[in-house]
Amino acid sequence: MADRSKIQIDLIRLVGGERLLRLTEPQSGLSLEKKLDPQKPVASQKEQLLSVFDAALARAELAAA
Amino acid sequence: MRSWSYKKSARRMIAPAAFKNVRLRGGSVIARAEFSRAPMRDALQREAVAQTRIVGGRFHLLIQAGLSDPELSISLYHEILEAATVASQHPPDSVMEFNEGDFERAAQAAHAEWGDASPENLNRMLQSYGFREE
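Chains as they are written, first to last, in the working numbering: chain A, 1 to 65; chain B, 66 to 199.
Incorrect hints may appear among the rest.
Claimed, not checked - Short, incomplete list of chain A residues facing chain B, as computed with Cβ under 7 Å:
no., residue
1, Asp-10
2, Leu-11
3, Arg-19
4, Lys-35
5, Pro-38
6, Lys-46
7, Gln-48
8, Leu-49
9, Val-52
10, Ala-56
It is worth saying that the hints were derived from the structure and are not from the lab.
Even glycine gets a Cβ: it sits at the ideal position worked out from N, Cα and C.
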């Protein structure tokens, strides 16, 4: 069972100024990344990515069960 | 948006060790801050200038060395304000609608108002945006 409290969040700024948001669950190795839209609120983009990540994590756990 | 340059700084006013284990408003802690002289590349070999890793409320900051002091200071303000927002389940209303440009402008304003980033000044900035002592 993946431990959601251990989800790692990476905020990465590339040389060109783009911002990446990456979520990783270390136990399963599942990782999801999004290039942030500079025009949209960061908080809502993180929540959207987290929802997708949670769903992917749940599917991965079901597949492994 | 600020354009990134790599001017060599003759002296370093901001020491990464000063930020280690600093408790921030909003409940997070800077576990580590490092200015990397080695090229920073992610898993896909994309060149990066800054990375903040958030694990359980602990921030691990890695910023490309070689920035001028003002650039480094603004980068620290920017990384911390954005990371505090992302790490929080319920960020203050004042930052809920912030996009990348807003974070950059906030970081520049903080540097202009309080000077070089320091543990105290980072918390002043967070306080000004409504992050509470926890």
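Here is what the structure says about each hint:
1. Asp-10: Cβ of A/Asp-10 sits 5 Å from chain B, so the hint holds.
2. Leu-11: With a closest approach of 5 Å, the A/Leu-11 hint holds.
3. Arg-19: For A/Arg-19, the interface hint holds, since the closest Cβ of chain B sits about 5 Å away, which is under 7 Å.
4. Lys-35: Violated - the Cβ of A/Lys-35 stays beyond 7 Å from chain B, reaching only about 10 Å at its closest.
5. Pro-38: Check passed: Cβ of A/Pro-38 comes within 4 Å of chain B, closer than 7 Å.
6. Lys-46: holds, 5 Å
7. Gln-48: With Cβ-Cβ at 13 Å, over 7 Å, it is violated.
8. Leu-49: violated, 10 Å
9. Val-52: violated, 16 Å
10. Ala-56: violated, 18 Å
The structure does not agree with the numbered hints 4, 7, 8, 9, 10 stated previously, though it agrees with the rest.
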